[in-house]
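So the sequences go chain by chain: F and P. The first sequence begins at 253 in my numbering and counts up one residue at a time. The second sequence begins at 20 in my numbering and counts up one residue at a time.
Facing chain F, a subset of chain P residues (Cβ under 10 Å, in silico):
(1) A188
(2) W200
(3) N203
These are computed hints drawn from the structure, not numbers from a lab. Keep in mind it's a predicted model, so treat the numbers as computed, not measured. Using N, Cα and C, we set each Cβ at its ideal position, and we do this for glycine too.
Each chain, letter by letter, is given below.
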Amino acid sequence: MNDAVPTVFVVDDDESMRNALRRLLSSVGIAVEVFPTARAFLASPRRDAPACLLLDVRLPDLNGLELQKHLAQAGAPIPIVFLTGHGDIPMSVRAMKAGAVEFLTKPFREHDLLEAIRQALDTDRAARAAR
Amino acid sequence: MACEECYLSGGEFDLDRVSSEWGARLERALSAGYDGIRVTGSTGWLQTREWRDFWKYEATLNETIVGQPMTVLCTYPLVGSGGCDILDVTHTHQSAITKRGGIWEVIETAALKDAKEEIRKLNEELEQRVADRTNELRVAQAELARVERLTTLGEFAASITHEIVQPVAAMIANGTACLHWLENSQPNLVAAREAALSVVRDGNRADEVFRGLRALVQKAEPRVARVDIDTVVEEALVLARGEFLQHEIVVRTEIEGPLPPVMGDRIQLQQVLLNLFKNAVQAMSGVEDRRRELVIHCGARTPYDGVLITVTDSGTGIEPGVREHIFESMFTTKSDGMGMGLAISRSIITAHGGRIWAAPAEPFGSVFHIALPGIS
Chain F
253 MNDAVPTVFV
263 VDDDESMRNA
273 LRRLLSSVGI
283 AVEVFPTARA
293 FLASPRRDAP
303 ACLLLDVRLP
313 DLNGLELQKH
323 LAQAGAPIPI
333 VFLTGHGDIP
343 MSVRAMKAGA
353 VEFLTKPFRE
363 HDLLEAIRQA
373 LDTDRAARAA
383 R
Chain P
20 MACEECYLSG
30 GEFDLDRVSS
40 EWGARLERAL
50 SAGYDGIRVT
60 GSTGWLQTRE
70 WRDFWKYEAT
80 LNETIVGQPM
90 TVLCTYPLVG
100 SGGCDILDVT
110 HTHQSAITKR
120 GGIWEVIETA
130 ALKDAKEEIR
140 KLNEELEQRV
150 ADRTNELRVA
160 QAELARVERL
170 TTLGEFAASI
180 THEIVQPVAA
190 MIANGTACLH
200 WLENSQPNLV
210 AAREAALSVV
220 RDGNRADEVF
230 RGLRALVQKA
240 EPRVARVDID
250 TVVEEALVLA
260 RGEFLQHEIV
270 VRTEIEGPLP
280 PVMGDRIQLQ
290 QVLLNLFKNA
300 VQAMSGVEDR
310 RRELVIHCGA
320 RTPYDGVLIT
330 VTDSGTGIEP
340 GVREHIFESM
350 FTTKSDGMGM
360 GLAISRSIIT
370 AHGGRIWAAP
380 AEPFGSVFHI
390 ALPGIS
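So that you can see chain P by itself, here it is in the shape it has in the complex (with noise of 0.2 Å):
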């Protein structure tokens, strides 16, 4: 609106009435379902006889506004004005800013800098303490996961000392083997050879079997790299073979590749791995009419330059009322969990930046996706 119509409606400017009617339209655009008014006042129409009103309008107008849901921005043409009309001019407005050789500087009261800087502050020990709880409690949730993470290896102990014991049995039957084909009158050194060739080849295997425990077990800070999604799968895998095969589960994994790189925590990952093998085990172990079944499925997610891994089983799946709240903590069908597999496997997968979610199988049992986003 024109700025002598609002201000010297009448033909006078009357401070009461035009401070009140900025009261009421703040009202109306609240009312409205705004947020809050802005308002861009030109002062090009002042005369001089109304500067001391003014002045006093836009002293009142600058306390009464603190606080409310609203902007004011007002301009003052700065040639014609002389020294006292700019200092009435900062001292009525939080700030002011004025444009000298091309530059915009700010003019500031120091009652207005000292508040900023109580605010700076007080922001400073706020983000302070929000940054201390936020890493205690990333602490904690680590601290949650690895607790979780060696409750399922308790529970995998058996089948994971299977897994060691085999290779460090077959060590021990080759070193024999070797050294009596030294010791022979007639060394055979071929048979000797071959034998020392499967030590290594054990040594290693139980090597393996180790780093994967040992990787699970140590308390490490989450470190998110480049992972190949089906080297995880592998690594999980060698951990639950001994437990599948104690079950007499079928295992099969389907990569459909090449599967796109992501970015993650290789052993959080396998966390989750391990957490939905060990819930299809338990998913399993009643089932007698029929094949017990483990696949897992890797593939690229196109269009989204992803990977969405299925884990499914062909157990007695989860009842229609209960899938929706298996992902929550504490939530448990099991006389014997803790019900914070999902939740942390969910909370993982949500760092992660991707979705795990459940479905039934057909025709029975359970199928687990995972989806997580690609690199790019």
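In isolation and in its complexed conformation, chain F is listed as follows (with noise of 0.2 Å):
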């Protein structure tokens, strides 16, 4: 199951931002999906793979927060590395006590950013090998 090729998810509602770390990401080779709003990517389905959140705070229906509790709460854990474009340190403070990876500012570096990434779906792994 480890073999299986991960995934990373994008929920941010910034077109140009989404596309932009869809690319970056393509760009070393690592599988991307994108999502506008948290619904949509609620409403997709999930594979049986390893996987982890890049999410934005600021999300126009459910923000990043109160997603990440909303999938802690419907038993679907997945590691989140949170991203905003400008540096809360409560709204930080809440996403890391409430289990995110990492919790970068924008602009992130790319070694930051991928980083974050590699940690999440070790995470990840780490979790699915347990269960």
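Work from the hints to combine the two standalone chains into their complex.
Quick look at the structure:
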């Protein structure tokens, strides 16, 4: 199962940011799926493969923190790397306490993003192996 | 009335009697609510024997009517008047007008000329002083308006930062992806090109925000030009978009076009909108039980040939007793406000020949109206 191709899900309401993340991750050989809203992500079918979520904090329908809570309550754990347009410290603290892998401020460095994704996917692989 | 009746009542010209009669007429006119009297007298009745008395009368009257709400036009026949008569007339009147060769000429005494020159100088000085003060006031108002703009932008700072950070982050990510595609052992030029195009697009997007900011911040004289209101609304929304997003406010823009252009200062009009947006965000910040919604409607004002902009929020609304005062300076219901925003907005709209007012929205919230005249 751990050999399945890992996927990074991106939820960002900003179209150009969403596409930029898709391009960046594709260019380093990571499979990406992008969604404009939290609800669109929730409505998408999930495969049985390692995955992580790149999540914008500010979203129009369900915000990032609410989605994080929702996923935890629904018993569909997925490691989350938060992205935010401005360094909101209280929000990052809440996100990290709720189990986020990383909280990155835009614009982020490629290295930091890839490192956070690697860590998130490792977390997911470990969690899957333990199940 | 007939001249003879006025001047020669009792058969004789009596200087004191005629003078006091004018006084009585003036009194009557003033007590009847008139601003003063205008007298047009013909001297066709004059005979040589009355000339000396009449001359004295004219001289006296000339002195006494100074400062009175009374204008007197006396006519003398030029034909038959001797040189001395003409001198007498010019001496006993503030000025004389005569027609010679079909052209009217004004004859003034030296004293009157001096007085007029004095008045002209005083007027000039006064006008200069008024112009100086007006200019100082205008500069002060422009500076105050700029400070208010900066204050508003300060409150929007976090969300404006977001509007700049977002495209910058996308540019960095796209640029990095572009490099990866190019540096690949088998370069993917199609993907690299797509990423590079996005960098340009996002660069333009960030630039749009920068331009909007720079225009609002710079110390510029108000500049009146032909403006399209829908563009002004769009530009203001670029700066406020983040603020609305952060406060989970849904924004709807309705342009009932085509809109006639208006004459105005683009920056000042944007400032008014930003101010209304800021107030709307605050009015809706406590709203939890309904949609937080802002509707901007622009339409032509028929038959006035102008534009009517309405900004409607679903906030807490304005108390009726408060509504009459919101446009007054230093009036505020907020703990952190200067109370200048709406006062400055009103002075801006008034300077544009327009009107701004507030009304309750149905079923809740407020609606601000801005009516601007068209170019014609």
